[in-house]
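Residue numbers (my numbering), protein chains in the order written: chain A, 3 to 117; chain B, 68 to 187.
Simulated from the structure, these hints should not be mistaken for lab results. Glycine residues also receive a C-beta, built at the ideal position from the N, C-alpha and C atoms. Each hint should be verified, as a subset may be incorrect.
[Unchecked claim] Which chain A residues face chain B? A few, computed with CB under 10 angstroms, are given here:
no., residue
1, Phe37
2, Lys72
3, Ala90
4, Val97
5, Gln109
6, Ile115
[To be verified] Computed list of chain A residues with no C-beta within reach of chain B, every gap over 12 angstroms:
no., residue
7, Gln8
8, Thr11
9, Thr22
10, Asp24
11, Glu28
12, Arg30
13, Gly64
14, Tyr66
15, Asn69
16, Val87
17, Val106
18, Pro117
[What the hints assert, rightly or not] Computed spacing ranges between beta-carbons, pair by pair:
no., chain 1, residue 1, chain 2, residue 2, range
19, B, Pro180, A, Ala9, 25 to 31 angstroms
20, B, Glu126, A, Glu58, 30 to 36 angstroms
21, A, Asn116, B, Thr185, 47 to 53 angstroms
22, A, Glu17, B, Glu126, 38 to 44 angstroms
23, B, Trp77, A, Lys72, 38 to 44 angstroms
24, A, Ala9, B, Pro107, 16 to 22 angstroms
25, A, Thr80, B, Ile79, 37 to 43 angstroms
26, B, Arg183, A, Glu12, 30 to 36 angstroms
27, B, Ser82, A, Gln85, 41 to 47 angstroms
28, A, Arg52, B, Asp94, 16 to 22 angstroms
29, A, Ala83, B, Glu119, 40 to 46 angstroms
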Amino acid sequence: AQKVTQAQTEISVVEKEDVTLDCVYETRDTTYYLFWYKQPPSGELVFLIRRNSFDEQNEISGRYSWNFQKSTSSFNFTITASQVVDSAVYFCAQVGFQGAQKLVFGQGTRLTINP
Amino acid sequence: GAVVSQHPSWVICKSGTSVKIECRSLDFQATTMFWYRQFPKQSLMLMATSNEGSKATYEQGVEKDKFLINHASLTLSTLTVTSAHPEDSSFYICSARDLWSGRGVDYEQYFGPGTRLTVT
Numbered sequence: 003a004q005k006v007t008q009a010q011t012e013i014s015v016v017e018k019e020d021v022t023l024d025c026v027y028e029t030r031d032t033t034y035y036l037f038w039y040k041q042p043p044s045g046e047l048v049f050l051i052r053r054n055s056f057d058e059q060n061e062i063s064g065r066y067s068w069n070f071q072k073s074t075s076s077f078n079f080t081i082t083a084s085q086v087v088d089s090a091v092y093f094c095a096q097v098g099f100q101g102a103q104k105l106v107f108g109q110g111t112r113l114t115i116n117p
Numbered sequence: 068g069a070v071v072s073q074h075p076s077w078v079i080c081k082s083g084t085s086v087k088i089e090c091r092s093l094d095f096q097a098t099t100m101f102w103y104r105q106f107p108k109q110s111l112m113l114m115a116t117s118n119e120g121s122k123a124t125y126e127q128g129v130e131k132d133k134f135l136i137n138h139a140s141l142t143l144s145t146l147t148v149t150s151a152h153p154e155d156s157s158f159y160i161c162s163a164r165d166l167w168s169g170r171g172v173d174y175e176q177y178f179g180p181g182t183r184l185t186v187t
């Protein structure tokens, strides 16, 4: 069965601080994809990253970075030098190549960046 | 590319009436579309998966007679909430995937902007 856990329900930091959002997943699939999405107050999901289970290289995109650790089934997301515009709900998600191929979301982490 | 639209973006209806939400893939053919529901401060929950030209597959606990899904063309899927009640008030999000042009090979779903339904 697939499961994605984001243990941090809410995080609040002051602008310019670094913040890491945790994501732990469970799957029986040997090959799968992991995603991070941002959901601002408008509600529209914004795609941030997709990571193939074969590729454990970490990725950096501007102030965003992702750490994929297959050994611990984690796919954590770090925002460096956070900004007020980063305030949103962030979802981690996973889809397996086998079976029903459904995208399963974590519970989401509400991130608030205070000026 | 890979734009998905939803209409309407918000709707208010009276209890007992039916509401139709449209999901369109604007620049690609969506062989598969998904419908999610999101209650306030909760995650997205998959309601159903629809493949063009066939019946939708509903998730456990989702009433197929209440949430009618039609995926009659490769660019349009509709969700009709029949006899809506206040507990159906939610944010409904669709997504689309195209398995035949390579867009879906990476298992990425393209999400619509969502429709906020309020039933009074």
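Okay, the hints, checked on the actual structure:
Interface hint at A:Phe37: satisfied, since its Cβ lies 8 angstroms from the closest Cβ of chain B, which is below the 10 angstroms cut-off. Annotation: A:Lys72 was flagged as interfacial toward chain B, and the flag is violated, the nearest CB pair being 17 angstroms apart, outside 10 angstroms. Nearest Cβ of chain B to the Cβ of A:Ala90: about 13 angstroms, over the 10 angstroms cut. The hint is violated. A distance limit of 10 angstroms between C-beta atoms decides the matter here; for A:Val97 the minimum to chain B is near 5 angstroms, and the interface restraint holds.
Because the smallest distance between the Cβ of A:Gln109 and any Cβ of chain B comes to about 5 angstroms, under 10 angstroms, the interface hint for this residue holds. At a threshold of 10 angstroms, the smallest CB-CB gap from A:Ile115 to chain B is about 18 angstroms, leaving the interface hint violated. Distance check on A:Gln8: its Cβ comes as close as 9 angstroms (rounded) to a Cβ of chain B, failing to clear the 12 angstroms threshold; non-interface status is violated. Listed as a non-interface residue, A:Thr11 fails to keep its Cβ farther than 12 angstroms from every Cβ of chain B; the least gap is roughly 9 angstroms.
No beta-carbon of chain B is positioned within 12 angstroms of the beta-carbon of A:Thr22; the least distance is around 20 angstroms. Here A:Asp24 stays apart from chain B, with its beta-carbon at least about 15 angstroms from theirs, past the 12 angstroms limit. Non-interface status of A:Glu28 relative to chain B is upheld: no Cβ of that chain comes within 12 angstroms, the nearest being about 15 angstroms off. Every Cβ of chain B is farther than 12 angstroms from the Cβ of A:Arg30; the closest lies at roughly 16 angstroms, confirming the non-interface assignment.
A cut-off of 12 angstroms between C-beta atoms confirms that A:Gly64 is not in contact with chain B; the least separation is 20 angstroms. Distance check on A:Tyr66: its Cβ is at least 18 angstroms (rounded) from any Cβ of chain B, clearing the 12 angstroms threshold; non-interface status holds. At the 12 angstroms boundary, the C-beta of A:Asn69 stays outside the reach of chain B, the nearest C-beta of that chain being 21 angstroms off. Against chain B, the non-interface label of A:Val87 holds: every CB pair exceeds 12 angstroms, the least being about 19 angstroms.
With a least beta-carbon separation of about 8 angstroms from chain B, A:Val106 fails to lie farther than 12 angstroms from that chain, contradicting its non-interface assignment. Against chain B, the non-interface label of A:Pro117 holds: every CB pair exceeds 12 angstroms, the least being about 23 angstroms. Evaluation of the 25 to 31 angstroms hint for B:Pro180 and A:Ala9 yields a pass: the beta carbon distance comes to about 29 angstroms. A hinted range of 30 to 36 angstroms holds for the C-beta pair B:Glu126 and A:Glu58, which are about 31 angstroms apart.
At about 30 angstroms, the beta-carbon gap between A:Asn116 and B:Thr185 misses the expected band of 47 to 53 angstroms. Taking the beta carbon of each, A:Glu17 and B:Glu126 are about 40 angstroms apart, inside 38 to 44 angstroms as hinted. In this structure the supplied range 38 to 44 angstroms holds for B:Trp77 paired with A:Lys72, their Cβ-Cβ distance being about 41 angstroms. Our hint of 16 to 22 angstroms for A:Ala9 and B:Pro107 holds, since their Cβ atoms are close to 21 angstroms apart.
The hint said 37 to 43 angstroms for the Cβ distance between A:Thr80 and B:Ile79, and at roughly 40 angstroms that hint holds. Our hint of 30 to 36 angstroms for B:Arg183 and A:Glu12 is violated, since their Cβ atoms are close to 22 angstroms apart. The given range of 41 to 47 angstroms is respected by B:Ser82 and A:Gln85, whose C-beta atoms sit roughly 43 angstroms from each other. Remark: the range hint 16 to 22 angstroms for A:Arg52 to B:Asp94 is upheld by a beta-carbon distance near 19 angstroms.
The given range of 40 to 46 angstroms is respected by A:Ala83 and B:Glu119, whose C-beta atoms sit roughly 45 angstroms from each other.
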